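Chemist: With the hints as constraints, model all of the structure from the sequences given.
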Amino acid sequence: MIDDVKYLLYCLIYFAGGGRRGTLSVSTLSQYWMVLRMAMKFCYEQKQKRLVGVLSLEQLFTVPVYLAAFIREQKPVGKVLTGILRALVSVGGNRLGYAVLNPSAFDLKAPDSKQHPVIPTRIYLSLINVTGDLIDQLHPGLNRFESFIECFANEHYGRTRIRQKKDLGYNASFHPDMPQALKDHDLSAVFSGEFACAHKRHLQTVLLKMQYTLATVVHLYTGMRDQEVMRMSYICLSDKIAQEAVLDDEGILRDKSQSVNILSTTTKFSGYKKESTWFAPDEVVKAIEIAKAICRGLAKLYKVELDDRCPLFLNPSILSFTRGKAEVGVTSFSLRSTQESTLRLILIKDEDVKELCQSDPSRDFHNDPEFAVGQPWPLTTHQFRRSLAFYGSSSGFLSLPTLRTQFKHMTIQMARYYANNYENLRTIFGYYDESRNEFLLPRNHFAFEYQMAMPMAVANQLIADLLFSEEPLFGGTGSYMEKQKKRLQAGEVRIEDVRADTEQRVKNGAISYRPTLLGGCTKVGRCDSFLLGDYTECLTCEGAIIKRSNLDAAIEDATEELCNYPENSGEYQIVRGDIERLTAYKARLIDTVELSL
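Under this note's numbering, the residues of the sequence shown are numbered 3 to 599, in order.
The set of hints was computed from the structure by calculation and includes no laboratory data. In this text, all values refer to a predicted model and were calculated from it rather than measured experimentally. Cβ atoms here follow ideal geometry from the backbone N, Cα and C, with glycine treated the same way.
Subject to a maximum C-alpha distance of 25 Å in a straight line, what follows is the list of computed DSS-like cross-link-like pairs (lysine-lysine): (1) LYS77 x LYS49; (2) LYS288 x LYS185; (3) LYS8 x LYS81; (4) LYS525 x LYS588; (5) LYS488 x LYS525; (6) LYS77 x LYS8; (7) LYS8 x LYS49; (8) LYS487 x LYS356; (9) LYS525 x LYS43; (10) LYS488 x LYS356; (11) LYS49 x LYS525.
For each label pair, taking beta carbons as the anchor points, the in silico distance ranges come out as: (12) GLU353 x SER531: 32 to 38 Å; (13) PRO66 x ARG163: 55 to 61 Å; (14) SER175 x GLU152: 18 to 24 Å; (15) PRO66 x ALA492: 37 to 43 Å.
Modeler: Set out below in structure tokens:
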């Protein structure tokens with residue numbers, strides 16, 4: 003990294019120009035060196051982040067998420083950093099080996115106070131669980147949607163008997179009306195509740211609601227932007243080898259190859275079209291398969307081929323009475339067409355506003371009518387990207403008991419595939435650049451946001467779980483947090499200062515946070531006692547946070563477990579020892595403190 007800085011300074015001195023004489027002054031170079039030194043320090047500090055690791059200066063100056071994090075955390079002099087970036091742009095990618103980001107794309111003066119908020123925990127959990135239930139409702143129709151929609155090539159199919167008599171005459175052979183059509187295709191249960199369709203005139207709207215739900219699942223689990231989702235073609239799902247098969251010296255297969263499902267869409271890089279890809283967990287695969295089934299039926303009505311030019315979310319307007327004017331195109335999820343969706347009817351509660359204020363103290367959510375208590379949550383697709391980065395990267399330590407198993411499983415896979423040090427990150431999710439003869443990962447890919455979200459998530463959860471909890475805290479770190487709580491209540495310190503200090507300590511790798519059986523742990527790195535299940539070691543650990551309720555529950559569970567073992571057995575002696583240590587700690591510290599109060 004030192005050699006890289008030397009080369010950058012060399013390029014700035016001899017090729018960047020500047021000043022009235024076309025050269026940089028000594029004072030300017032000195033300022034540039036100070037900012038580059040800060041950049042080196044920032045890159046090296048990222049080793050504390052499991053998903054990132056030590057960054058190179060090339061990564062810092064070419065990936066928007068990394069550079070934004072550097073600006074936010076290190077707060078370099080905006081004018082100096084802008085000068086460096088502009089100078090490096092003028093030096094050119096041929097000399098540097100990479101194209102530096104445009105500084106005008108970053109706000110180097112003040113942070114944006116109107117950025118999309120992280121969706122509050124309760125609402126986010128509701129969205130995950132509601133979309134999961136809706137996908138489970140739609141999935142039984144996977145092999146029936148195509149034949150059902152295809153029947154509407156006959157304009158009289160699905161119309162009421164009265165309308166058919168009017169159009170065809172009383173002696174004609176009538177087609178099934180909508181309830182009978184659903185029954186014939188065994189789709190009555192699928193087209194119910196949120197997707198109820200009593201009349202043919204509602205079918206276009208119901209299919210659009212289904213597509214909106216499916217697109218929301220893609221946003222929710224991938225972090226894709228709105229345009230990226232809507233650009234997906236019918237052939238968007240595939241799998242790539244994540245780990246090659248292992249063969250021994252005799253050519254015998256010892257470990258099968260492992261593949262990963264990926265989702266792709268065509269986007270533009272450097273003026274020409276390239277393919278961008280994302281990790282597709284099981285829930286997304288289910289949603290895409292359902293969307294493809296609906297697409298197959300609509301494609302037959304449009305008479306188009308199911309190839310990479312066919313949009314996955316074909317517009318269902320061809321089912322309307324003006325089908326003659328319908329053109330092949332992508333569905334438009336306007337606010338009007340989706341406002342009755344269950345996903346847009348989740349009401350804001352007081353606890354949600356409090357959480358928003360905690361997540362961004364600089365913004366006055368209490369006086370923002372868009373986030374007023376009792377109003378539906380103003381859901382936008384942009385919110386999913388930030389929220390997935392926050393909740394996904396923090397799932398290892400967030401205690402979310404109502405979270406669907408699929409989401410928890412997905413975050414484990416994401417942590418593996420989106421890590422900066424994952425050897426196949428670029429080959430799986432990148433595109434091949436013929437001019438450089440290598441795979442490149444798009445600089446705005448969600449993987450970078452996912453990597454950088456961990457420290458912020460840890461800090462936010464540490465503050466929300468501990469400083470805003472009414473329950474007294476004990477243990478090494480717990481006692482310190484309890485003192486901080488009292489200082490906050492007394493007005494001696496501001497929550498903004500505590501938050502900033504906590505975030506900085508997390509980013510520097512000084513503290514971490516994860517829930518434990520007795521409360522929580524702020525120890526950085528691996529804990530052998532935790533891995534071995536020896537939770538009583540927390541009682542004497544400096545990084546422990548002990549809660550009275552957790553301690554009581556642990557004593558009760560251990561006492562019940564003790565009844566399962568003979569008195570002379572080794573298991574009995576171990577569990578009894580645990581109980582003695584737990585009760586002694588409680589009597590010596592917790593009960594004593596409560597008596598003094």
